[in-house]
Amino acid sequence: MNEDILKRVQANPKFAELVQKRSSLGWLLSIVMLAIYYGFILVLAFSPATLGASLSGGVTTVGIPVGIFIIVSAFVLTGIYVRKANTEFDQLNQQIVEEAKQ
Amino acid sequence: MKSWMKSTALASLSLLPAVAMAAGAIDGDVQKQATNWTAIIMFLLFVSGTLYITYWAARRTQSASDFYTGGGGITGFQNGLAIAGDYMSAASFLGISAMVFEKGYDGLIYSMGFLVGWPIILFLVAERLRNLGKFTFADVASYRLQQTPVRTFAATGTLVVVALYLIAQMVGAGKLIQLLFGLNYSTAVILVGVLMVLYVMFGGMLATTWVQIIKACILLSGATFMAFMVMASVGFSPETLFQKATEVHAKGLAIMSPGKADPIDSISLGLALMFGTAGLPHILMRFFTVSNAKEARKSVFYATGFIGYFYILTFIIGFGAIVLVLNQPAFMETIVKDGKPLTQLMGGNNMAAIHLSHAVGGDLFYGFISAVAFATILAVVAGLTLSGASAVSHDLYASVIKKGKANEKDEMRVSKITTLALGVIAIVLGLVFEKQNIAFMVGLAFSIAASANFPVLFLSMFWKGLTTRGAVIGGAIGLVSAVVMIVLGPAVWVDVMGHAKGSAPFPYKNPALFSMSLAFFFTWLFSVLDTSKAAEEEKAKFDAQFVRSMTGIGASGASKH
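These protein sequence lines are chains A and B, in that order. Take the first sequence: its letters are residues 1 to 102, numbered as in my numbering. Take the second sequence: its letters are residues 1001 to 1561, numbered as in my numbering.
Simulated from the structure, these hints should not be mistaken for lab results. Careful: at least some of the hints might be erroneous.
Stated by the list, open to error - Chain B side only, calculated, beta carbon under 10 angstroms to chain A, not exhaustive:
id: 1; residue: Val1047
id: 2; residue: Trp1118
id: 3; residue: Ile1120
id: 4; residue: Phe1236
id: 5; residue: Gln1243
id: 6; residue: Ala1261
id: 7; residue: Ala1303
id: 8; residue: Ile1312
id: 9; residue: Asp1338
id: 10; residue: Gly1339
id: 11; residue: Ala1500
id: 12; residue: Glu1536
id: 13; residue: Val1547
id: 14; residue: Met1550
Unchecked claim - To give a feel for the contact side, a few chain B residues facing chain A, derived at Cβ under 10 angstroms:
id: 15; residue: Val1234
id: 16; residue: Leu1253
id: 17; residue: Gly1259
id: 18; residue: Asp1265
id: 19; residue: Thr1304
Glycine included, each C-beta is placed from N, C-alpha and C at the ideal position.
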């Protein structure tokens, strides 16, 4: 990458906007995922009986829907990110790239 | 060929197990079973199909970029399937369903750990990796650092992880095939070695990816069918399934709740699974097969979906095996262990999913699932071999030895020679480790990936202050401490070396919490202490790297086709 393009990108306010938006969404979703998973691990480690409690009187325990929820949440969170990144962020990115070439 | 089949058939007859050993298919001793012709025919179909693909791919594999990345023209959806395929190894299909079969809920906990690393990879790593790298993750780690030391370190990390994973897969393959096909252990190991070399050497990444995609599709359809049949047998009511399972399982209601686990060990295991995934070289390499960051993101989205779906299926399959296979005389055997009779699942718990396929789909489907299990191993070892070969030819040969001035033809030749060498090494190690306890190896591979590869890769993209000295020393400390803590921990000290229980100098099975922290700390420390001129230049290059990682300007291009 030559110096001119680099300077132009860095000076472009859209670049700052892209970095800010993408990083905050990325970190936010990472923290949500980590909180869900390590929250689960902590309950598992310190209060396993919570997960072993019966869900509605039968043999199915609270742990089963919680487990399915964690698996589904991983998929949903990636979906949110990809949707946002492939539309909004990529559009912004495209503009930055084009403006840098001029 | 004919005499080979005849001798195998004879050998299997003479070895028909009167008494099978108490062990799993993936580790421990197994007895060879009767030759399973349906499975062999289905497997031959798979092999001829994949060899045809290799032939097709070979004609499209001309340049180094074709070899390493399949020309960069794989779509996000295809790559998502291939990544999922790399992840759905025989160990996770048979191993996790066996864990559910044995312990119930605890098996689900394990699969969650494997899955939740994926969103993190997407949010923080995937697009930066695609924008900065070309063929290997070392491209990214060494982007603004000194090539020779960083690439040497990254190639070492890659080869160690690949070797451990490869040994585990080869030994697993040998034992599994003895059980499923009634072939000799050594025949099985050699067969796997030869086929993987053929795929990689001639078909490169294109063939490796398509073998993985096809396998992922047949494995997902087979598992879907099994889970559907299980649910159909209980009238599609999970409560009925769990009810019946708790009635027949020796542990009763306990299989519905988590078992006892050490908190530190659980957290440490979670870290190894989560961040180890983001440091596995054969997985990271897949991000360079797509044309841009957008496709890289899509790959992770699809991969997460397929992997999550697959783990839900294995959970149903494990419970299905409890209901339909456990205590059914046709699937049980009584063996002698430590002088006492023990009734167990025929061939060990790792066979739970395989027996279930027999119970729900008869001989034909049983043959199909056996063939799928074999195909799974083949596809995974091919990906590992390709990643090991790239580390040698691209990182060590072209960048370290030739200082980036190697011509493409020579680089390709080196990668093919390395592929052949890795094939031979894998076969030899597979034979050497036949009788060894290798259960710790995949855990060790994940711990090293999380403690050596991941910290360096992550900091190189996120922290301006990273210097060559910090990366190499910190990464090496991560690698060494992971190995030392595993060897001094219960998995090797007690289970492999046979010292008394509880005597292990390092008390935890999973070292990642400690070894990863050490790696991050020392990488930071040696980077901030590094006041050399080179370090200043490396920090100064961060801004340009950051712009490229964010925007993709200057990123290595898409397919040239």
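Outcome of the hint check:
1. The closest approach between the C-beta of Val1047 (chain B) and any C-beta of chain A is roughly 33 angstroms, which is over the 10 angstroms cut-off, so the hint fails.
2. At a threshold of 10 angstroms, the smallest CB-CB gap from Trp1118 (chain B) to chain A is about 6 angstroms, leaving the interface hint in force.
3. This hint holds: Ile1120 (chain B) has a C-beta 6 angstroms from the nearest C-beta of chain A, less than the 10 angstroms allowed.
4. With a least beta-carbon distance of about 14 angstroms to chain A, the hint placing Phe1236 (chain B) at the interface is violated under the 10 angstroms criterion.
5. A cut of 10 angstroms between beta carbons decides the hint on Gln1243 (chain B): the least distance to chain A is about 5 angstroms, and the hint holds.
6. Nearest Cβ of chain A to the Cβ of Ala1261 (chain B): about 7 angstroms, under the 10 angstroms cut. The hint holds.
7. Because the beta carbon of Ala1303 (chain B) sits about 9 angstroms from the nearest beta carbon in chain A, less than 10 angstroms, this interface hint is met.
8. Annotation: Ile1312 (chain B) was flagged as interfacial toward chain A, and the flag holds, the nearest CB pair being 6 angstroms apart, inside 10 angstroms.
9. Proximity of Asp1338 (chain B) to chain A is violated relative to the hint, the smallest CB-CB distance being about 30 angstroms (cut-off 10 angstroms).
10. Annotation: interface hint on Gly1339 (chain B) violated; nearest CB of chain A at approximately 35 angstroms, more than 10 angstroms.
11. Here the hint on Ala1500 (chain B) is broken, as its CB sits about 26 angstroms from the closest CB of chain A, past 10 angstroms.
12. Given the 10 angstroms rule on beta carbons, the hint for Glu1536 (chain B) is violated: about 18 angstroms separates it from the nearest Cβ of chain A.
13. Contact between Val1547 (chain B) and chain A, as hinted, is supported at the beta carbon level, the nearest pair being about 5 angstroms apart and thus within 10 angstroms.
14. Of the supplied interface hints, the one on Met1550 (chain B) holds, with its beta-carbon coming within about 6 angstroms of a beta-carbon of chain A, less than 10 angstroms.
15. Violation of the interface hint for Val1234 (chain B) is found here, the shortest Cβ-Cβ separation to chain A being roughly 12 angstroms, above the 10 angstroms cut-off.
16. Residue-level restraint check for Leu1253 (chain B) holds (minimum Cβ-Cβ distance to chain A is 6 angstroms; threshold 10 angstroms).
17. Annotation: interface hint on Gly1259 (chain B) holds; nearest CB of chain A at approximately 8 angstroms, less than 10 angstroms.
18. With a least beta-carbon distance of about 9 angstroms to chain A, the hint placing Asp1265 (chain B) at the interface is held under the 10 angstroms criterion.
19. For Thr1304 (chain B), the interface hint holds, the least distance from its beta-carbon to any beta-carbon of chain A being 5 angstroms, beneath 10 angstroms.
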